[in-house]
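Peer 1: Sequence:
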Amino acid sequence: MGAYIARRLLLVLPTLLGILVINFALTQFVPGGPIEQVLANMEGQGDVFESFSGTSSEVAEASETSDYVGARGLPPEFIAELEKEFGFDKPPLERFLTMLWNYLRFDFGESYFRSISVVDLVLEKMPVSISLGLWSTLLAYLISIPLGIRKAVLDGSRFDTWTSWVIIVAYAIPGFLFAILLLVLFAGGSFLQIFPLRGLTSDYFDQLSLGEKIVDYFWHITLPLIASTISAFATLTLLTKNSFMDEIQKQYVITARAKGLSDRRVLWGHVFRNAMLIVIAGFPAVFIGVFFGGSLIIETIFSLDGLGRMGFEAAVARDYPVIFGTLFVFGLMGLVVGILSDLMYVFVDPRIDFERREG
3 MGAYIARRLL LVLPTLLGIL VINFALTQFV PGGPIEQVLA NMEGQGDVFE SFSGTSSEVA
63 EASETSDYVG ARGLPPEFIA ELEKEFGFDK PPLERFLTML WNYLRFDFGE SYFRSISVVD
123 LVLEKMPVSI SLGLWSTLLA YLISIPLGIR KAVLDGSRFD TWTSWVIIVA YAIPGFLFAI
183 LLLVLFAGGS FLQIFPLRGL TSDYFDQLSL GEKIVDYFWH ITLPLIASTI SAFATLTLLT
243 KNSFMDEIQK QYVITARAKG LSDRRVLWGH VFRNAMLIVI AGFPAVFIGV FFGGSLIIET
303 IFSLDGLGRM GFEAAVARDY PVIFGTLFVF GLMGLVVGIL SDLMYVFVDP RIDFERREG
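Following our numbering from start to finish, the sequence shown increments by one per residue and tops out at 361.
To be clear, the hints were calculated from the coordinates, so they are not data collected in a lab. It is possible that some hints are incorrect.
What the hints assert, rightly or not - Ranges between beta-carbon positions, derived for each pair:
hint	residue 1	residue 2	range
1	Ala174	Arg10	33 to 43 Å
2	Ile145	Leu12	33 to 43 Å
3	Ile280	Thr17	17 to 27 Å
4	Ile280	Val318	34 to 44 Å
5	Ile7	Ala27	23 to 33 Å
6	Leu156	Gly262	19 to 29 Å
Everything numeric in this text was worked out from a predicted model, so none of it was measured. The beta-carbon is built from N, C-alpha and C at its ideal position, and this holds for glycine as well.
Please work from the sequences and hints to get the whole structure.
Peer 2: Okay, structure coming up:
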């Protein structure tokens, strides 16, 4: 198993390299780079930096005189200075190789439009996205596994029928629409005002005791958690049911029952371990789906300051260091979660030997 894990870890580097190569190449052909964004802002063609908390000193000084400079045209010296500040005075290949060397040392540079390093920015936003993704995945598993097993045991019953309708409806509702519905119903819309409208903590959070902080945190995260879990819950429930249905119909289950074993012992002693393998294999997809796919929408609707929202703002403003740093973190987390999934396979069923299969 150790050799298999070592090989998987070695594959992390070329995979991350491929992600960076593709995205770096794409940015070379996307119109409206960071320099163009700054110039358009200075000439009054639109402010794409309103959502950012600060700018570099040169851009700030230029913004103060934007009317004067924009009226008479920007001098070439100023544009050249911007290119030098952003590193665009060098060829693309040199910039890419420099970026790779810095990334090997986990030096992601500094945001173009904020006076903060990318590492500090990612570390600042990551707890919000991580907590939302982990709690959503945990909630989905806690609901879906017992429900899926119950549906498999009572296949074709009235319970199975009406819960299937609930699951279909839950899967069909878009996440953003369900999030807005929750806000309208429970966060001060036209009906009840039970939960807060935005954020993960109250303004007076630092003044609360430990117990009050825990209550305040879960009070704020309830609606985002439900909104991000709805689609994952539906998919995972059907996956669990189908997995158990396949195992229940296999010959070893029929043989176990013929030997006089009770249904409960057959289910939990034999079927559970084999059926749970495919459910555990779906863990990375559930977590990554919640963490990546839903983070932008949920964080935007509920005003959560996480990685998804930060990545979107960076893409709009062409803040390349933040974009590449976010992609690097997302890719690394996805690869690590995949390796953890294989380890969970072995934990649930020690008979699995990845090294022998690869050989």
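Peer 1: Against this structure, judge whether each hint is valid.
Peer 2: Checked hints:
The hint said 33 to 43 Å for the Cβ distance between Ala174 and Arg10, and at roughly 36 Å that hint holds. One distance hint, 33 to 43 Å for the beta-carbon pair Ile145 and Leu12, holds here, with the actual separation near 37 Å. Checked against the hint of 17 to 27 Å, the pair Ile280 and Thr17 passes, with Cβ atoms roughly 24 Å apart. Distance hint check: the CB atoms of Ile280 and Val318 are about 39 Å apart, consistent with the given range 34 to 44 Å.
Between Ile7 and Ala27 the Cβ separation comes to about 31 Å, which falls inside the hinted range of 23 to 33 Å. Checking the proposed 19 to 29 Å range against Leu156 and Gly262 shows it holds: the Cβ atoms sit about 23 Å from each other.
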